Every structure is written in C-alpha cells, then in structure tokens.
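Engineer: Listed here are the chains, written in short residue letters.
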Amino acid sequence: MAHGLVYRQLLREKQIIFRQKHAILQPFLFFLMFIAFFPLILPFNLQLLHAVCGGVVWMSLTIALFLAAERFYLEDSQCGYLEQWLIYKVPVYSYVLCKWLVHGVVQVVGVLFCMPIIAVMYQLNFLETYSLLASILCGMPALLAMCGLVSAFGPNRSILMLLILFPLIIPILMLGSGAFASSALSAYLALLLALSIGMVFILSIASAAILKISLENT
Amino acid sequence: MNILTAKNLSFSYDKIPVVSNWSAQVDAQKIYHLQGANGSGKSTLLRLLAGILCPESGEVNACLSAPFSYPIAYVGHRLGLHPYLSVVENINLDIVSHCNPVAMLESVNLHTKQHALVATLSVGQKQKVALLKMITQQAMLWIMDEPLANLDEQGEAWLWGQINRHLDLGGAVILTAHQRHFDHIGVNTWHMA
Numbered sequence: 001m002a003h004g005l006v007y008r009q010l011l012r013e014k015q016i017i018f019r020q021k022h023a024i025l026q027p028f029l030f031f032l033m034f035i036a037f038f039p040l041i042l043p044f045n046l047q048l049l050h051a052v053c054g055g056v057v058w059m060s061l062t063i064a065l066f067l068a069a070e071r072f073y074l075e076d077s078q079c080g081y082l083e084q085w086l087i088y089k090v091p092v093y094s095y096v097l098c099k100w101l102v103h104g105v106v107q108v109v110g111v112l113f114c115m116p117i118i119a120v121m122y123q124l125n126f127l128e129t130y131s132l133l134a135s136i137l138c139g140m141p142a143l144l145a146m147c148g149l150v151s152a153f154g155p156n157r158s159i160l161m162l163l164i165l166f167p168l169i170i171p172i173l174m175l176g177s178g179a180f181a182s183s184a185l186s187a188y189l190a191l192l193l194a195l196s197i198g199m200v201f202i203l204s205i206a207s208a209a210i211l212k213i214s215l216e217n218t
Numbered sequence: 001m002n003i004l005t006a007k008n009l010s011f012s013y014d015k016i017p018v019v020s021n022w023s024a025q026v027d028a029q030k031i032y033h034l035q036g037a038n039g040s041g042k043s044t045l046l047r048l049l050a051g052i053l054c055p056e057s058g059e060v061n062a063c064l065s066a067p068f069s070y071p072i073a074y075v076g077h078r079l080g081l082h083p084y085l086s087v088v089e090n091i092n093l094d095i096v097s098h099c100n101p102v103a104m105l106e107s108v109n110l111h112t113k114q115h116a117l118v119a120t121l122s123v124g125q126k127q128k129v130a131l132l133k134m135i136t137q138q139a140m141l142w143i144m145d146e147p148l149a150n151l152d153e154q155g156e157a158w159l160w161g162q163i164n165r166h167l168d169l170g171g172a173v174i175l176t177a178h179q180r181h182f183d184h185i186g187v188n189t190w191h192m193a
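If you're matching them up, the sequences are chains A and B in order. Letter by letter, the first sequence follows residues 1 to 218 of the working numbering. Letter by letter, the second sequence follows residues 1 to 193 of the working numbering.
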C-alpha cells in the first residue's frame with residue numbers, strides 16, 4: 001500500500017505543479033533575474049565577480065525557494081485533502097516528503113538550466129561551475145526543508161517564522177557559498193549533505209506536526 | 001454489530017466547550033441523523049468521530065470487517081478535491097485506492113466531465129464527485145456533513161440509493177442535514193444541545 005501511496009502522491013504533485021505554471025516560473029525567473037542583473041551593477045572586475053559569485057547564487061536560490069514554497073500546502077489544506085490523511089491514519093510526513101521531492105526536482109532542473117548562464121556571466125571555468133553545482137545539489141534539500149517548515153505555518157505566520165528561523169539558514173548559506181572554488185570541496189559537500197539529510201528527516205516530521213495542529217484549529 | 005463507539009468525548013475551541021461528555025454507539029445497517037442548530041457543534045462532532053480532531057478527553061474506537069477496506073470515510077464542507085486536478089485524477093491519485101470509480105461516474109451523469117478540472121465544475125457536481133470518491137473507498141462507516149445541501153433531486157435519489165446499498169452490505173451512515181422531511185424509515189436521531 002505504501003509503495004502505491006508514494007507513487008500516487010508523487011504523480012499527484014507532478015500534475016498539480018505542472019498545471020500551476022506560475023508556481024514554477026515565478027521563482028525560476030526571480031533566480032534568473034537576480035543572478036543575471038547582479039554582475040551588471042558591479043564594476044567589471046573578474047576577481048570581484050568570483051568573490052561574490054557563490055554568495056549571490058546561494059542568496060538568490062534561498063529567496064527563490066521561499067517564493068516557491070509560499071503556497072506549498074495552502075490548497076491541499078483549504079480543499080480538505082489534508083484532513084483525509086488524518087482519517088486514514090497515514091503519516092502526514094510522507095505527504096510532506098513527496099511534495100518536497102517533486103518541488104526539489106523541479107527547482108534542480110531550473111538551476112541546471114541556469115548554470116551555463118551563471119558560468120558565462122561570472123566567467124567561471126569548468127571546475128568552479130562543477131563546485132557550484134555540486135554544492136547546490138548537496139545543500140538544496142536542507143534549504144527546501146527549511147522553506148517547507150516555514151510554509152507549514154500558513155501564509156499569515158510564514159513571514160514571522162521566516163525571521164525567527166533565519167539563523168538556521170545561515171550555516172547552509174555559509175557552507176554553500178564557502179564550497180564554491182574551495183580547495184576542501186569534498187569536506188564542504190559532506191557537511192552540506194549531512195545537514196540536508198538531517199534537516200529533511202527532522203523538519204518533515206516537524207512540518208507534519210505543524211500541519212496537523214493547524215488543521216485542528218480550522 | 002457495533003461499528004463505532006464514542007465514549008465521553010469533549011472538545012472546546014479557545015476554552016469554549018463545543019462538545020461535552022458525549023457518548024454514543026453506531027451499529028451496522030443503521031443511519032444516524034445528527035440534529036442541532038447552527039453552531040451547536042455538529043461538524044466538530046463529526047470531525048471528532050472521523051479522527052480529524054483529537055478529543056480533549058474521551059475516545060473513539062472504530063472497527064473493520066469484510067467486505068469493507070477501511071473503517072471510516074468522511075465528506076465534510078471541504079470536499080477534499082484539488083481544483084487543479086481533473087475528476088478522474090482526484091479519485092485515482094487519492095490517498096487510498098478506489099473501486100471502479102470511472103464506471104460510477106456514469107451513474108451521476110459525470111462521465112463526460114471525467115477529464116474536466118474540478119475548478120470548472122458546479123458546486124453540486126463537486127459534491128457528487130466527493131460523495132462518489134467516498135463511496136468507492138469501500139469504508140464501513142460513512143460520515144457526511146450536509147451531503148444533501150447542494151444536490152438536485154436526481155442526486156438526492158442517487159445518494160439514498162447508494163446509502164441503502166451500503167446498509168445492505170452491513171455498513172452504517174452518520175449524517176447531518178437541515179432538511180426537515182427526513183422520510184427514511186429507521187433513521188436514528190442524535191440531538192446536539
């Protein structure tokens with residue numbers, strides 16, 4: 001049953017996300033605009049571009065993910081779909097994980113699409129591009145989990161929760177931007193991966209608990 | 001046969017008691033009509049029985065026996081249908097698997113709308129899809145909050161037909177309805193104060 005449930009849930013999320021094209025395009029265009037416009041406002045200095053590249057990409061990715069996650073659970077909560085999970089006593093974290101997985105894959109595809117543009121705009125060589133992409137792939141689940149947790153509080157409280165939880169995002173940003181063109185890339189990637197696994201595990205359970213509590217108050 | 005037992009259920013919103021010390025038993029092949037004024041706590045009680053809300057005190061125990069697959073199915077004011085999914089997708093990509101839903105769409109004249117997005121359906125059509133989704137889940141106890149509110153005469157007749165079939169199979173039904181002429185024989189009435 002669990003296998004069938006996960007398959008149906010993944011298919012359902014895929015259908016919903018592709019029917020709401022604005023949900024994909026809005027964060028993607030934001031990410032693209034941010035990384036494309038930033039070098040244009042800086043003096044043309046290759047060293048300066050290299051120095052800011054990691055930070056700019058990670059910062060724009062964080063904001064783009066928060067934009068994408070804003071309405072993560074809103075429709076399922078409003079239409080009563082989430083209530084059904086409680087009736088059938090199916091763990092809500094499996095719903096949360098399926099949602100994150102589909103959204104994560106869509107965002108990664110968007111980032112992959114942007115990588116050649118980033119490489120050209122910031123004059124990156126192959127190794128630098130690889131280190132940036134690898135750090136994004138390793139750290140993105142942690143960012144997505146954090147966005148998912150903030151979104152679980154609902155649109156009215158998400159901004160406040162974002163401010164409260166922002167210190168938890170800083171280590172991801174520091175490790176992510178630090179990994180770029182670092183000589184100790186594998187150490188950074190290992191830390192990012194560990195952080196991602198831990199945060200996805202813990203925050204999916206926390207998000208499910210918050211969703212359950214919010215259902216009881218509506 | 002006893003399908004569901006609720007013992008001393010209590011629930012409050014912001015310290016205002018909505019359900020106080022409520023107990024009841026649901027037997028197979030019976031319909032239970034929950035009556036009460038607006039705001040008397042009917043929907044809250046149904047949500048407690050369905051397991052959506054956790055009671056502050058008391059407990060709800062539901063049982064399951066053949067030929068049913070699940071103990072409880074619930075249709076409330078929020079129908080559980082995603083507006084960006086089609087009728088068939090809403091049923092086929094649900095949490096639980098359903099028994100032959102597409103064939104049943106014909107019985108409610110919705111077979112031509114099976115690939116239409118739920119957002120494009122009328123309120124009554126959405127209600128029918130949600131009820132059909134509940135029926136094809138093969139649950140033992142159907143809990144319905146105002147199921148007749150948006151249905152036309154044909155829809156009402158279809159629902160009563162399904163309810164009678166469900167009772168014959170050994171299931172039970174709990175519902176709320178503001179319709180005063182409740183002419184079904186053997187309907188048990190629960191009053192909310």
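Everything labelled a hint here was simulated from the structure, so no lab data went into it. All of these numbers come straight from a predicted model, not from anything done at the bench. Treat each hint with caution, since some may be false.
List of simulated lysine-lysine pairs, DSBU-like, C-alpha gap at most 30 Å [claimed, not checked]:
id	chain 1	residue 1	chain 2	residue 2
1	A	K14	A	K89
2	A	K14	B	K113
3	B	K30	A	K14
4	A	K14	B	K126
5	A	K21	A	K212
6	A	K21	B	K15
7	A	K14	A	K212
8	A	K212	A	K89
Engineer: Holds or violated: K30(B) and K14(A), Cα atoms, limit 30 Å.
Structural biologist: violated (41 Å)
Engineer: Are K14(A) and K126(B) close enough, with their CA atoms no more than 30 Å apart?
Structural biologist: holds (22 Å)
Engineer: Please work out if K14(A) and K89(A) have their alpha carbons no farther apart than 30 Å.
Structural biologist: Holds, at roughly 24 Å.
Engineer: Is the straight-line distance between the alpha-carbon of K21(A) and that of K15(B) 30 Å or less?
Structural biologist: Measuring from Cα to Cα gives roughly 43 Å; hence the hint is violated.
Engineer: Can the restraint linking K14(A) and K113(B) be considered satisfied, given a maximum Cα separation of 30 Å?
Structural biologist: Holds - the C-alpha atoms of K113(B) and K14(A) are around 21 Å apart, at most 30 Å.
Engineer: Need the status of pair K212(A), K89(A): alpha-carbon distance at most 30 Å?
Structural biologist: holds (12 Å)
Engineer: Going straight from one Cα to the other, do K14(A) and K212(A) come out at no more than 30 Å?
Structural biologist: Given that 30 Å is the threshold and the Cα spacing comes to 23 Å, the pair holds.
Engineer: Please work out if K21(A) and K212(A) have their alpha carbons no farther apart than 30 Å.
Structural biologist: holds (28 Å)
Of the numbered hints listed earlier, those contradicted by the structure are 3, 6.
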